[in-house]
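J.: So the protein sequences, as listed, match chains E and F.
Residue numbers are given in the numbering used here: position 273 of the first sequence equals residue 273, and the series is strictly consecutive.
Residue numbers are given in the numbering used here: position 175 of the second sequence equals residue 175, and the series is strictly consecutive.
Keep in mind that a hint or two might mislead.
Using 25 Å as the maximum straight-line C-alpha spacing, the simulated DMTMM-like pairs for lysine to aspartate or glutamate come out as follows [stated by the list, open to error]:
id, chain 1, residue 1, chain 2, residue 2
1, F, Lys98, E, Asp264
2, F, Lys98, E, Glu148
3, F, Lys98, F, Asp16
4, F, Lys98, E, Asp309
5, E, Lys209, E, Asp250
6, F, Lys98, E, Asp75
7, F, Lys44, F, Asp16
8, E, Lys209, E, Glu244
9, F, Lys319, F, Asp300
10, F, Lys319, F, Glu267
11, E, Lys209, E, Asp264
12, F, Lys319, F, Glu219
A short, non-exhaustive set of chain F residues, derived as facing chain E with CB atoms under 8 Å [claimed, not checked]:
id, residue
13, Ser57
14, Phe64
15, Phe99
16, Ala108
17, Cys162
18, Ala296
These aren't lab readings, by the way, just hints derived from the structure by calculation.
Note that beta-carbon positions come from the ideal geometry of N, C-alpha and C, so glycine has one too.
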Amino acid sequence: MTGPDPVGLYRTVRLIRRFEERAIELVDAGEIVGGIHPYLGQEGVAAGVCAALRVADLVTGTHRGHGHVLAKGADPARMLAELCGRVTGLNRGRGGSMHAADFGVGVLGANAIVGAAGAILTGAVWARRRRGDDVVGATFFGDGAVNEGMLLEAFNLAALWRVPVLFVCENNGYATTMPVEGAVAGTIAGRAAAFGMPAATVDGQDPEKVREVSAAAVARMCAGGGPELVEARTYRFDAHHTFEHRVRLDYRPPEEVAAARRRDPVLIQGDRLPAAVRAAIDAEVEATLAAAVDFALAGPAPDPATALDHLYASGLTARTGGG
Amino acid sequence: MPRLSYRRALTRALADEMTRDESVFLLGEDIRVAAAGVTTGLLKRFGPDRVLDTPLSEQAFTSFATGAALAGARPVIEFQIPSLLFLVFEQIVNHAHKFPLMTGGQCAVPVTYLVPGSGSRTGWAGQHSDHPYSLFAHVGVTTVVPATPADAYGLLVSAIRCDDPVVVFAPAGALDVRADVTDFAPVPLGRGVVRRPGTDVTVVAVGHLVHDALAVADELAGQVSVEVFDPRTLYPFDWDGLLDSVSRTGRLVVVDDSNRSCGIAGEIIATVVERVPLAAPPHRVTRPDGAVLPFAPALDRAVQPGRDQLTAAIQLTCKDG
Chain E
1 MTGPDPVGLY
11 RTVRLIRRFE
21 ERAIELVDAG
31 EIVGGIHPYL
41 GQEGVAAGVC
51 AALRVADLVT
61 GTHRGHGHVL
71 AKGADPARML
81 AELCGRVTGL
91 NRGRGGSMHA
101 ADFGVGVLGA
111 NAIVGAAGAI
121 LTGAVWARRR
131 RGDDVVGATF
141 FGDGAVNEGM
151 LLEAFNLAAL
161 WRVPVLFVCE
171 NNGYATTMPV
181 EGAVAGTIAG
191 RAAAFGMPAA
201 TVDGQDPEKV
211 REVSAAAVAR
221 MCAGGGPELV
231 EARTYRFDAH
241 HTFEHRVRLD
251 YRPPEEVAAA
261 RRRDPVLIQG
271 DRLPAAVRAA
281 IDAEVEATLA
291 AAVDFALAGP
301 APDPATALDH
311 LYASGLTART
321 GGG
Chain F
1 MPRLSYRRAL
11 TRALADEMTR
21 DESVFLLGED
31 IRVAAAGVTT
41 GLLKRFGPDR
51 VLDTPLSEQA
61 FTSFATGAAL
71 AGARPVIEFQ
81 IPSLLFLVFE
91 QIVNHAHKFP
101 LMTGGQCAVP
111 VTYLVPGSGS
121 RTGWAGQHSD
131 HPYSLFAHVG
141 VTTVVPATPA
151 DAYGLLVSAI
161 RCDDPVVVFA
171 PAGALDVRAD
181 VTDFAPVPLG
191 RGVVRRPGTD
201 VTVVAVGHLV
211 HDALAVADEL
221 AGQVSVEVFD
231 PRTLYPFDWD
241 GLLDSVSRTG
251 RLVVVDDSNR
261 SCGIAGEIIA
271 TVVERVPLAA
281 PPHRVTRPDG
291 AVLPFAPALD
301 RAVQPGRDQL
311 TAAIQLTCKD
321 G
């Protein structure tokens, strides 16, 4: 486990921020088909949690998952190529924005079904530990997912079997357009109490606070304490999905968005660094992303004849649909 | 030699695979005490780490198995009633089945879903009597319905060794079938077998209905020569084996314990007529569209494909053309 690392945290939040901004440009340019769920504003959560994990530790996440994958150490160029649907992408262009996975750095796949990833991670961590591997895991989900039975069942299994899983709720205030106050009876932390899991609520806009809370939880989990829940209070600065850029849904007061934007994790963490250090990281991130965009756009599109490659790991081939 | 029951063949397959491969483990409801009689003795032999009693949390433990498989294990889930598959259809179809493609081949999800007591158990009424194998064939999850003890053993072994998710339906009507089993060997997935050779008509029978088809074939022996084809695996289906049979007989009847609309019988007939000229229109005997099994035994039986219906369908096909 790493210690406090203000520079590393800044690099991560800055990387995620610029990745998302460049990705939105590529959506607007028509290079990313299908749009994305922007993570803008929530960078501190992924950065802080993943800073408390090792490469071997496991992560599952959601459709709003770019930040989790990047914070865990995936190559931004291959990630962006995946968003562009190229064979050079992390998933060879088969997963796209919502399913980015990089097993090499412990990212077992982002999941587009809300609340689905918690039980998958619980099983993965359990199986690895049964084999003798000293791993823990973190699974990310939104405030909407705490109303899904599948996730609550996962809380129960993890707590019952003392599986070291950090359940990370990114409470950004809205499940698509549904405000959390209109959706969650009781409290999010209270969900954990019902299963005997420790829970903490943390300012998700502050990457260092998220790291500190996560590192303490990971230390307790490693000591056999079982799963924990972290509710990170955050806010998405942009749309639920880039389709909103066209359809203009009206569900958040502009002054609420403006106020939230003043608590920007990139600025909060950046203010902790000397200006020269920050400028150097910014330049480094720009160079990384410029190269990532070049790499992504240069990658070949998959051959349509390979559309069903990887459908079966056993080598089974499916009958075709035509003729 | 003791005659082996179908149920005990399943137990033996689980024990043999757990012995052979440390990564195989079992999970499910009431499996430590072997409430369904399939996991008998396995807790004592392999311990609670490999025979996991689960809370009533079907969705979570099904996805837990997906995660364990992603991490290198080979989970086998035992479901106590077939309709639990409706609860976890999402977890199997939308996650376990889709992960290898969605990740661009970064993973495999070798989970076996074992459903002993599938179909009517007589008197278990509307929510415990489903036989939803056609749903899994439709979405492309490997789907196995063994009819005999040797196949129950060999197909379950192959399912556990398969790198993809596999659903093994063990029909209630077959669990107590007994047979002399001399050869405990894996049965390849996707390969059917001719149970009884014949020359006039091919009857495709699924699961426990193989035994009904054999009985009907015997009864009709003086009038019609019936070939009985047991596909054993519904997805992938042994089209070559079936087409070979129908090419010889020129006639086709399918008996299948799933609902008529979009059931496997419809797919079998469609594929055959696309590929082979038939001497007469094919027929199928199935549950009715949208079937819900009523409680009273006479009503339960009325909804299931019966021997009389099969006999009539064979005679109709052989009369036409």
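J.: Give a verdict on every hint.
T.: Verification of the hints:
no. : hint                : in the structure
1   : F:Lys98 x E:Asp264  : violated, 36 Å
2   : F:Lys98 x E:Glu148  : holds, 21 Å
3   : F:Lys98 x F:Asp16   : violated, 29 Å
4   : F:Lys98 x E:Asp309  : holds, 12 Å
5   : E:Lys209 x E:Asp250 : violated, 32 Å
6   : F:Lys98 x E:Asp75   : holds, 23 Å
7   : F:Lys44 x F:Asp16   : holds, 15 Å
8   : E:Lys209 x E:Glu244 : violated, 31 Å
9   : F:Lys319 x F:Asp300 : violated, 30 Å
10  : F:Lys319 x F:Glu267 : holds, 23 Å
11  : E:Lys209 x E:Asp264 : holds, 14 Å
12  : F:Lys319 x F:Glu219 : holds, 17 Å
13  : Ser57               : holds, 4 Å
14  : Phe64               : holds, 3 Å
15  : Phe99               : holds, 6 Å
16  : Ala108              : holds, 3 Å
17  : Cys162              : holds, 5 Å
18  : Ala296              : violated, 34 Å
Checked against the numbered hints listed earlier, the structure breaks hints 1, 3, 5, 8, 9 and 18; every other hint is satisfied.
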